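> Protein chains in written order, with this note's numbering: chain A, 1 to 185; chain B, 1 to 185; chain C, 1 to 185.
Keep in mind the hints are simulated off the structure, nothing from the lab. Quick caveat: nothing in here was measured; it's all calculated off a predicted structure. The hints are all genuine.
Repeated chains share a single entry, so a pair holds when one copy, or any two copies, can fit it.
Listed below are the simulated DSSO-like cross-link pairs for lysine-lysine, each with C-alpha atoms no more than 27 Å apart in a straight line: (1) Lys71 to Lys107; (2) Lys126 to Lys140; (3) Lys126 to Lys107; (4) Lys26 to Lys180; (5) Lys33 to Lys140; (6) Lys33 to Lys126; (7) Lys140 to Lys180; (8) Lys71 to Lys140; (9) Lys180 to Lys33; (10) Lys140 to Lys107; (11) Lys126 to Lys180; (12) Lys71 to Lys47.
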Amino acid sequence: MKSPTIFVTFFLFLFFLTSSAYPGMKRQPYPCKNLVFYFHDVIYNGKNAANATSAIVGAPQWGNLTILADKFHFGNIAVFDDPITLDNNFHSTPVGRAQGMYFYDTKNTFTAWLGFSFVLNSEQHKGTINFIGADPIMVKSRDISVVGGTGDFFMHRGIATIMTDSYEGDVYFRLRVDIKFYECW
Amino acid sequence: MKSPTIFVTFFLFLFFLTSSAYPGMKRQPYPCKNLVFYFHDVIYNGKNAANATSAIVGAPQWGNLTILADKFHFGNIAVFDDPITLDNNFHSTPVGRAQGMYFYDTKNTFTAWLGFSFVLNSEQHKGTINFIGADPIMVKSRDISVVGGTGDFFMHRGIATIMTDSYEGDVYFRLRVDIKFYECW
Amino acid sequence: MKSPTIFVTFFLFLFFLTSSAYPGMKRQPYPCKNLVFYFHDVIYNGKNAANATSAIVGAPQWGNLTILADKFHFGNIAVFDDPITLDNNFHSTPVGRAQGMYFYDTKNTFTAWLGFSFVLNSEQHKGTINFIGADPIMVKSRDISVVGGTGDFFMHRGIATIMTDSYEGDVYFRLRVDIKFYECW
Chain A
1 MKSPTIFVTF FLFLFFLTSS AYPGMKRQPY PCKNLVFYFH DVIYNGKNAA NATSAIVGAP
61 QWGNLTILAD KFHFGNIAVF DDPITLDNNF HSTPVGRAQG MYFYDTKNTF TAWLGFSFVL
121 NSEQHKGTIN FIGADPIMVK SRDISVVGGT GDFFMHRGIA TIMTDSYEGD VYFRLRVDIK
181 FYECW
Chain B
1 MKSPTIFVTF FLFLFFLTSS AYPGMKRQPY PCKNLVFYFH DVIYNGKNAA NATSAIVGAP
61 QWGNLTILAD KFHFGNIAVF DDPITLDNNF HSTPVGRAQG MYFYDTKNTF TAWLGFSFVL
121 NSEQHKGTIN FIGADPIMVK SRDISVVGGT GDFFMHRGIA TIMTDSYEGD VYFRLRVDIK
181 FYECW
Chain C
1 MKSPTIFVTF FLFLFFLTSS AYPGMKRQPY PCKNLVFYFH DVIYNGKNAA NATSAIVGAP
61 QWGNLTILAD KFHFGNIAVF DDPITLDNNF HSTPVGRAQG MYFYDTKNTF TAWLGFSFVL
121 NSEQHKGTIN FIGADPIMVK SRDISVVGGT GDFFMHRGIA TIMTDSYEGD VYFRLRVDIK
181 FYECW
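Extracted from the complex, chain A is given alone in its bound form (with noise of 0.2 Å):
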């Protein structure tokens, strides 16, 4: 009877430790997948358009196409398609592009919204990753959601600290994205 009585007692172990006992509630403390990413974003101001890789597109009554609004900025919104380096060079081999859109939204401080996507192409990766999320700029590392992915990332859930990794003005930033993926499949 003992060595069944063992094995059966192991296996609840088991069971409880990684079934959805209690429905809806996950653990799971431990990313299935850790990523470093930088991308740079250039903004156009009338005068670089062979450089920019982001514009604004919106602006409140009180703002302009060029120049980014008073009051923080509020309502300002910026559509981009910035490099995706490895490293914080500006100049690496991008591996792909972020492509979407970060709009400002306070008036008393700096704040924005981001919607956007990573598209990766190279030897590493393939497929898209999705983020959607507040950034509160001004805050040193902020998290955003990982809503969901493609091909290499098919289906992939997570969270991705964000930290400005250099400011230039109101013409150059660069962010440090750290995404860890919790649902890999």
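Fit chains B and C to the supplied structure of chain A, relying on the hints for placement.
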């Protein structure tokens, strides 16, 4: 022999009750967390700069940036930073901000599309909740998706049921948001 | 002893087959639901107000709101309310509306970013499906994320494969959307 057989049978029962025996099919009709909030939107109309919490930042060719456009506001995009309260009183202490955008997207009735985050920062809740979805405004109760979260809402998913709690001309509205999380982590 | 041992072995096999023994890793290569739709977009060009289902509502500094901009329409945002049909005929009875936005986001080729919902209301389907993702328009078949749903599509997630089924100048396009749900609830 009896005891292990019963054990195993009970075990099997538990197993089929809780594991994903049919890949991709989940059950789980009960929310693992349920929260109700209100948020308040005061749209900029050219005269209320001090009080406005949102502004028109995009309009169709027949519109402008201070008056919501003809044809049920079709094409108007608004960016917002709205206070979130626990009750329906605009003057209650906010527990966070609703930040994002909505845009009107039908020419023969009022509907909108929403992309926004709850940025909560109170004793009870610290973290963000990310939403997208269609909002058929004239319907009493409508559902959008909770597609992710961070902090206290790490990786959460669910459904948010929205009701228009108050509507004053084209200047103020208040939404009641009943958030039901079905994935909690 | 034999019978329980076989039982347990079979059980273990089942267990590893179906449970999340490796937290965060899922398998599941088969859709739990598969639906194909078409939707039809007629963009407003200043002359087609009666037929248009979408309109330009954002443009870069070098653009305007009736003609798609130079540089592959970079920065143009369009809001849409497009009929969804079961076949590729614009005049078929719609089963719902595709509502949301797309914006062009590359300066040297045609790509877009999509954020929209299917609002379905037919005999077969009642509910909404929410999508976001990058759309490299010139690629024959491209994948975006299904990040949530409501009603019949409560909490669903999956992948939508998009193909341009027709394209007539800058006025009309039709997309075929093959929705594969991998999480169904």
